[in-house]
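Participant: No gaps in the numbering here: position 12 of the sequence shown is 14 in our numbering, and each next residue is one more.
It should be emphasised that the hints constitute simulated quantities derived from the structure, not laboratory data.
Where is the CB? At the ideal position from N, CA and C, for every residue including glycine.
Possibly wrong hints are sitting among the right ones.
Here are the computed distance ranges between Cβ atoms for each label pair [what the hints assert, rightly or not]:
| # | residue 1 | residue 2 | range |
| --- | --- | --- | --- |
| 1 | 22 | 56 | 19 to 27 Å |
| 2 | 124 | 33 | 18 to 26 Å |
| 3 | 22 | 98 | 26 to 34 Å |
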Amino acid sequence: MKSIQLINKFDAKLFLTTVPHDPGIYQMFDLSGQILYVGKARDLHRRLTSYFRKTGLSTKSISLVGQINSIEIIVTNTETEALLLESNFIKKLQPRYNILLRDDKGYPYLVLSDHKDYPRLDYYRGAKKENYRYFGPYPSAIAAREALNLL
């Protein structure tokens, strides 16, 4: 019986020549197209370059980089926009290398209850429940509370 070894052919140098110095998120995929990791950056080029340096990487990062077959980026207007997009992608896709932010407890939301007689708009942080409408996530508790006060 023969074993077949798949060789990672991701060309980091070539890829990095196409990455802008803008805020955004990046998604890393393995050879089978499975999502490995979602991250955000103030400067996508600088952040992604840091994964491919020769020294100073953690064991987790070395393992991650060894499995990368492709990387997709989404450029955003601001770092805050990237933060919120990253949070949504992690919650939706649950990449195996993103150990934080997998649950719905990471960022605050505003929640509108579905009670017929007494609907309520309130600050909320936690797992989403049915029969409620959620607005957010907000980048901080202060931002969520300011929006609530304005409303």
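Participant: Run every hint past the structure and note whether it holds.
Facilitator: Verification of the supplied hints:
1. 22 <-> 56: 19 to 27 Å: The hinted range 19 to 27 Å holds for residue 22 and residue 56, with Cβ atoms some 24 Å apart.
2. 124 <-> 33: 18 to 26 Å: Given range 18 to 26 Å: violated, Cβ gap about 45 Å.
3. 22 <-> 98: 26 to 34 Å: Taking Cβ atoms as reference, residue 22 and residue 98 lie about 27 Å apart, which means the hint holds.
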